[in-house]
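Read off the chains here:
Protein chains: 2
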Amino acid sequence: MPRLISSLDVDLGERSYPIYIGQGLLSDAELFRRHIASRQVMVVSNETVAPLYMDTLLETLNGLQVEQTVLPDGEKYKTLDVLNRIFDRLLEKRFDRGCTLIALGGGVIGDMTGFAAACYQRGVNFIQVPTTLLSQVDSSVGGKTGVNHPLGKNMIGAFYQPQAVVIDIASLDTLPARELSAGLAEVIKHGIIKDEAYFVWLEENMQALRTLDADALAHAIEGSCVIKSRVVSADERESGQRALLNFGHTFGHAIETGMGYGNWLHGEAVGAGMCMAARMSRLLGWLSAEEEARISALIDAAGLPVRPPDLTPERFMELMAVDKKVMAGQLRLVLLKGIGNALISSDFSPDVLRRSLQSYAA
Amino acid sequence: MPRLISSLDVDLGERSYPIYIGQGLLSDAELFRRHIASRQVMVVSNETVAPLYMDTLLETLNGLQVEQTVLPDGEKYKTLDVLNRIFDRLLEKRFDRGCTLIALGGGVIGDMTGFAAACYQRGVNFIQVPTTLLSQVDSSVGGKTGVNHPLGKNMIGAFYQPQAVVIDIASLDTLPARELSAGLAEVIKHGIIKDEAYFVWLEENMQALRTLDADALAHAIEGSCVIKSRVVSADERESGQRALLNFGHTFGHAIETGMGYGNWLHGEAVGAGMCMAARMSRLLGWLSAEEEARISALIDAAGLPVRPPDLTPERFMELMAVDKKVMAGQLRLVLLKGIGNALISSDFSPDVLRRSLQSYAA
Numbered sequence: 358m359p360r361l362i363s364s365l366d367v368d369l370g371e372r373s374y375p376i377y378i379g380q381g382l383l384s385d386a387e388l389f390r391r392h393i394a395s396r397q398v399m400v401v402s403n404e405t406v407a408p409l410y411m412d413t414l415l416e417t418l419n420g421l422q423v424e425q426t427v428l429p430d431g432e433k434y435k436t437l438d439v440l441n442r443i444f445d446r447l448l449e450k451r452f453d454r455g456c457t458l459i460a461l462g463g464g465v466i467g468d469m470t471g472f473a474a475a476c477y478q479r480g481v482n483f484i485q486v487p488t489t490l491l492s493q494v495d496s497s498v499g500g501k502t503g504v505n506h507p508l509g510k511n512m513i514g515a516f517y518q519p520q521a522v523v524i525d526i527a528s529l530d531t532l533p534a535r536e537l538s539a540g541l542a543e544v545i546k547h548g549i550i551k552d553e554a555y556f557v558w559l560e561e562n563m564q565a566l567r568t569l570d571a572d573a574l575a576h577a578i579e580g581s582c583v584i585k586s587r588v589v590s591a592d593e594r595e596s597g598q599r600a601l602l603n604f605g606h607t608f609g610h611a612i613e614t615g616m617g618y619g620n621w622l623h624g625e626a627v628g629a630g631m632c633m634a635a636r637m638s639r640l641l642g643w644l645s646a647e648e649e650a651r652i653s654a655l656i657d658a659a660g661l662p663v664r665p666p667d668l669t670p671e672r673f674m675e676l677m678a679v680d681k682k683v684m685a686g687q688l689r690l691v692l693l694k695g696i697g698n699a700l701i702s703s704d705f706s707p708d709v710l711r712r713s714l715q716s717y718a719a
Numbered sequence: 358m359p360r361l362i363s364s365l366d367v368d369l370g371e372r373s374y375p376i377y378i379g380q381g382l383l384s385d386a387e388l389f390r391r392h393i394a395s396r397q398v399m400v401v402s403n404e405t406v407a408p409l410y411m412d413t414l415l416e417t418l419n420g421l422q423v424e425q426t427v428l429p430d431g432e433k434y435k436t437l438d439v440l441n442r443i444f445d446r447l448l449e450k451r452f453d454r455g456c457t458l459i460a461l462g463g464g465v466i467g468d469m470t471g472f473a474a475a476c477y478q479r480g481v482n483f484i485q486v487p488t489t490l491l492s493q494v495d496s497s498v499g500g501k502t503g504v505n506h507p508l509g510k511n512m513i514g515a516f517y518q519p520q521a522v523v524i525d526i527a528s529l530d531t532l533p534a535r536e537l538s539a540g541l542a543e544v545i546k547h548g549i550i551k552d553e554a555y556f557v558w559l560e561e562n563m564q565a566l567r568t569l570d571a572d573a574l575a576h577a578i579e580g581s582c583v584i585k586s587r588v589v590s591a592d593e594r595e596s597g598q599r600a601l602l603n604f605g606h607t608f609g610h611a612i613e614t615g616m617g618y619g620n621w622l623h624g625e626a627v628g629a630g631m632c633m634a635a636r637m638s639r640l641l642g643w644l645s646a647e648e649e650a651r652i653s654a655l656i657d658a659a660g661l662p663v664r665p666p667d668l669t670p671e672r673f674m675e676l677m678a679v680d681k682k683v684m685a686g687q688l689r690l691v692l693l694k695g696i697g698n699a700l701i702s703s704d705f706s707p708d709v710l711r712r713s714l715q716s717y718a719a
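Protein chains in written order, with my numbering: chain P, 358 to 719; chain Z, 358 to 719.
If you're looking for bench data, these hints aren't it; they were derived computationally from the structure.
Be aware that a few hints might be false.
Since the list gives no way to pick one copy over another, a pair counts as held whenever it fits inside one copy or between any two copies.
Claimed, not checked - Capping the alpha-carbon separation at 30 Å, the derived lysine-lysine pairs in DSSO-like fashion look like this:
hint : residue 1 : residue 2
1    : 694       : 433
2    : 694       : 450
3    : 510       : 433
4    : 501       : 694
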């Protein structure tokens, strides 16, 4: 029996939509039907997720004209060419403007399916069914969709909101532990930047999360989505506030690039990156040593690295200088003035950054 | 010296934008600068238009970082693959989110450049410089952008509004007469569906338009844009009212498909299609014989065909049945209850449609 544990609304005026969180929701026919406008439904998934959950979802949608597109698994397939396979399929099956696309998978499937929905006949309905913790807490809110280009990640896309997001916690049962930890990096990030009480709750419940306690997971996911949707509602098209969500990411991107994409999971790089941002905030005198230690301990408890890999400070500075948040030559970082209180700042000397990086080399 | 003859605002709330109409506006540096946010500008054009007007525009934009992408000319290049060349170029030149794309050309260039602007980094600035009469009166208003797919026209795209539309009437000097007439089909259509006074003005000034009188052209283009923007403002995402703009198009599409795309220009097919819709409206008793004759005479005066090619009524009915405006098996047509008063209707017997088609066979 499907069990709805909690739900929330992402408030974006006429583009508002609900996020449902529960156990077994993949089988909740009534829930899906509520957000499907016509008989035509295309489920987009990948070769890893489809064998696990496609049959369940197809049974739930029984009675509708349901077609499927199964893409190869992996970030390297997040391209315009592979996207076109979704359009091929929609047109072969003569799908009209009233159709609904369902993304069944992680972030790549969500990004591509959302972008396909944004573009097909200039916009059709779209339901997200994220099956990884990372996509549940990250891509559920924000409306970012798109594909990569050989010269840059996520360079081609659209802001496009789904009709609904359906998060079935049971789908985490098949998620590798390393990917669960990577998802927890974003969960922890939301607490660090905006909500100390949520951070404290995570300190107390990290074990329950890692052992997949359903109610703990639902609470963590809901909290993350609430925090992210507060930030996004205030800044849908990403000019100011929304940059706070990049906490740990400038350091993290430097790690990913420096180590070669794919060797560190994004969440792992963000885990170490958040520790580095906390260290730098402490060296600026903005964060206490105790707070830095709590941040590091929670990231460690999530099974994530708490220090960067072996890259020289010089190499790090070089990698960070190409980050897209560098405006007019000035590096802007998301830093902390306490847990739950992040800010965007370029108000620091390069020397403090260098000392932060050197502290790990020692 | 550039001479601004008239301008209007397309009212779409925070996505509103101005349309400037004048003589020599391609050289109006101040006008362009007003709508360009940063130094990075990409002009997209095609192999026919670029040799005629690219240099003038580049000189106007002198002082900015201006790059160009010149695409092959023609509807068959309106594909996802060719679109990707624009992205390649933007990324090679390291264009950021603050950049501006300028479409210099007809409808195909406008549709593709607008769609590229909609998708590049999830949306950048976009200025339209339509150089054909058809694109000046049709694509300037409505925000439709996109590309074709082998299985359908305009199947992949976005609704995306430009920062400004700059219409330089001087660019019509190099337009083949046949294409000028094709553009006049849409001009006439706007009068027929919504504005009898405008229709009367066209009856009186058709000769001036065909001999490229600048003030007459500016007046006609402005009038067309005003009518279209009234219709579009009321219905930005195309549910009801906006379908009135398809007047003559269901018949016209049948002609285009029946004759093979490209043999009749779209505007020519619409010209004959409007005559057919007027004929049918008369047979329904909704339009007087005199009004039908005036419509036909004006379309003839514009240098357009006033009767369909040699297709049997059966073939026509077959071609019209696949039109996308067929909902749940019922054919809906835009018909007339007088000049300036169009409506969408399925309130007719197939027999009236058959008799309209047969009247041309006789």
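Right, here's what the structure says about each hint:
no., hint, result
1, 694 <-> 433, "neither (38 Å within a copy, 57 Å between copies)"
2, 694 <-> 450, "neither (54 Å within a copy, 38 Å between copies)"
3, 510 <-> 433, "both (10 Å within a copy, 29 Å between copies)"
4, 501 <-> 694, "within (28 Å within a copy, 46 Å between copies)"
In summary, the numbered hints that this structure violates are 1, 2.
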